[in-house]
Amino acid sequence: MEKCNKIASQKYKYWIKIINVMKNKILLSAVVISFLVFYQVESVKAQFVLDIESGIVSTGYNDVRIPGDLGMRFSLKDDLNPMTEIYYRLRAGYTIKSRHTLSILYAPLEIKSDGQIPNDVSFAGTVFPANTKLGAIYKFNSYRFTYRYDFIKRKNFDFGLGFTAKIRDARIALVSTQSTAAKDDLGFVPIINFRMAWRCTNTFGLLIDGDALAAKQGRAEDVQIAATCKISNNLGFRVGYRILEGGADNSEVYSFALFHYASAGLSITF
Numbered sequence: 047m048e049k050c051n052k053i054a055s056q057k058y059k060y061w062i063k064i065i066n067v068m069k070n071k072i073l074l075s076a077v078v079i080s081f082l083v084f085y086q087v088e089s090v091k092a093q094f095v096l097d098i099e100s101g102i103v104s105t106g107y108n109d110v111r112i113p114g115d116l117g118m119r120f121s122l123k124d125d126l127n128p129m130t131e132i133y134y135r136l137r138a139g140y141t142i143k144s145r146h147t148l149s150i151l152y153a154p155l156e157i158k159s160d161g162q163i164p165n166d167v168s169f170a171g172t173v174f175p176a177n178t179k180l181g182a183i184y185k186f187n188s189y190r191f192t193y194r195y196d197f198i199k200r201k202n203f204d205f206g207l208g209f210t211a212k213i214r215d216a217r218i219a220l221v222s223t224q225s226t227a228a229k230d231d232l233g234f235v236p237i238i239n240f241r242m243a244w245r246c247t248n249t250f251g252l253l254i255d256g257d258a259l260a261a262k263q264g265r266a267e268d269v270q271i272a273a274t275c276k277i278s279n280n281l282g283f284r285v286g287y288r289i290l291e292g293g294a295d296n297s298e299v300y301s302f303a304l305f306h307y308a309s310a311g312l313s314i315t316f
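In the numbering used here, the protein residues as written are 47 to 316.
Just to be clear, a hint being listed does not mean it is correct.
With a straight-line cut-off of 27 angstroms between C-alpha atoms, the simulated DSS-like cross-links for lysine-lysine are [claimed, not checked]:
id, residue 1, residue 2
1, Lys185, Lys158
2, Lys201, Lys276
3, Lys229, Lys179
4, Lys199, Lys276
5, Lys229, Lys185
6, Lys199, Lys143
7, Lys143, Lys201
8, Lys185, Lys262
9, Lys158, Lys229
10, Lys262, Lys229
11, Lys158, Lys179
12, Lys276, Lys143
Have a look at the derived ranges for each label pair, beta carbon to beta carbon [stated by the list, open to error]:
id, residue 1, residue 2, range
13, Phe302, Ile102, 20 to 30 angstroms
14, Cys246, Ile98, 19 to 29 angstroms
15, Ser100, Arg265, 24 to 34 angstroms
16, Ser100, Asn280, 14 to 24 angstroms
17, Ala310, Asp230, 26 to 36 angstroms
18, Lys158, Ile277, 28 to 38 angstroms
19, Arg200, Asn165, 52 to 62 angstroms
20, Phe302, Ala273, 26 to 36 angstroms
21, Phe316, Ile183, 31 to 41 angstroms
22, Ala308, Ile238, 24 to 34 angstroms
23, Lys199, Ala308, 24 to 34 angstroms
Think of the hints as simulated: they come from the structure by calculation, not from any bench. Yeah, the Cβ is synthetic: ideal placement off N, Cα and C, and Gly gets one too.
Make the full structure from the sequences, and use the hints.
Structural data, given as C-alpha cells:
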C-alpha cells in the first residue's frame, strides 16, 4: 500500500509539472494567435495599455475543510491570525478600433496566518493536536486571458462585456514543528468579464470592472470600484477598493474566502 501511494504521489507531481508547462504555453499561444489575427486586418486603429496595481490586502473570512467531506472545518481568519499583506497585479492590454480589447493578467496572492487552535485539527489527512503552534499559508495566484467588447462607447461613458479564461494556482498549507500538510489545486475557470467607466469631467471619473461567475461547483468574484484621474493622454491613475471572493464545496475541498483590497493603479497607454 505504501509503495502504491508513493507511485501515485510521483504521478501526481509529474502531471502537475505537465499542467504548469501547458498553462504557460496555452496563455502565450492564445495571446500570440489573437494578436496575429488582428494584425492581419488592414487599417486597424489599436493601442497598447500596461496597467500596474498595488496596495494592501486583508482577510474578510477564510473557511477551510480538507477533505471536503471528512476534514474538520476551521478558519484561517477567526481561529488563526492572518497578516495584512502588500500585493501587486500586472495587466497588459491591446485595444482594436476602440471596442475590442484583449488582455492578460498576472494576479498573485499569498496570505500567511499563525496562532493556536484549542482543539484537534484534521487537515489533508494529518491531525494537528490542540493548542499546537500553527502556521498557515493561503496562496491563490491567477493567470487570466480576457476578451471584451465595448457595446457602449460614448464621450463620457463606456460599457463592455466579455469572457475571461482563468487559470488558478492555489495552495493551502498548515505547518507545525511536528507536521506539515497541504492541498494544491491547479485548474481552469471560465468567468464573465465586465467594465463600466463614467467620466464626469475631462479629468475625473468612476470605474467599475471585474470578473465574476457563480455555479453549483462554486463561485468567483473579483471586482473593483475606483475613482480615476486622467493625468495626460497617455497616463491615468486610480484609487479604490477591490473585493475578491469565492470558493468551492466538493468531496475534495471546502474552501470559501473573502479578501478586501485598498488599491492604487497606474495605466500607461502607448
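To see whether the hints hold, each was checked on the structure:
1. Lys185 to Lys158: OK: Lys185 and Lys158 at ~9 angstroms, within 27 angstroms.
2. Lys201 to Lys276: Distance ~14 angstroms between Lys201 and Lys276 Cα, so the pair holds.
3. Lys229 to Lys179: 19 angstroms, holds
4. Lys199 to Lys276: Within the cut-off at roughly 18 angstroms; holds.
5. Lys229 to Lys185: Distance ~10 angstroms between Lys229 and Lys185 Cα, so the pair holds.
6. Lys199 to Lys143: Holds, at roughly 11 angstroms.
7. Lys143 to Lys201: 15 angstroms, holds
8. Lys185 to Lys262: 23 angstroms, holds
9. Lys158 to Lys229: 15 angstroms, holds
10. Lys262 to Lys229: 21 angstroms, holds
11. Lys158 to Lys179: 14 angstroms, holds
12. Lys276 to Lys143: Holds, because 21 angstroms separates the two Cα atoms, which is no more than 27 angstroms.
13. Phe302 to Ile102: 20 to 30 angstroms: 22 angstroms, holds
14. Cys246 to Ile98: 19 to 29 angstroms: 24 angstroms, holds
15. Ser100 to Arg265: 24 to 34 angstroms: About 26 angstroms separates the Cβ atoms of Ser100 and Arg265, which means 24 to 34 angstroms holds.
16. Ser100 to Asn280: 14 to 24 angstroms: Check passed, 20 angstroms falls within 14 to 24 angstroms.
17. Ala310 to Asp230: 26 to 36 angstroms: Since Ala310 and Asp230 have Cβ atoms about 32 angstroms apart, the given range 26 to 36 angstroms holds.
18. Lys158 to Ile277: 28 to 38 angstroms: 35 angstroms, holds
19. Arg200 to Asn165: 52 to 62 angstroms: The hinted range 52 to 62 angstroms holds for Arg200 and Asn165, with Cβ atoms some 58 angstroms apart.
20. Phe302 to Ala273: 26 to 36 angstroms: 30 angstroms, holds
21. Phe316 to Ile183: 31 to 41 angstroms: At roughly 37 angstroms between Cβ atoms, Ile183 and Phe316 fall inside 31 to 41 angstroms, so the hint holds.
22. Ala308 to Ile238: 24 to 34 angstroms: With Cβ atoms ~25 angstroms apart, the hint holds.
23. Lys199 to Ala308: 24 to 34 angstroms: For Ala308 against Lys199, whose Cβ atoms are near 30 angstroms apart, the range 24 to 34 angstroms holds.
Consistency note: the structure conflicts with none of the earlier hints.
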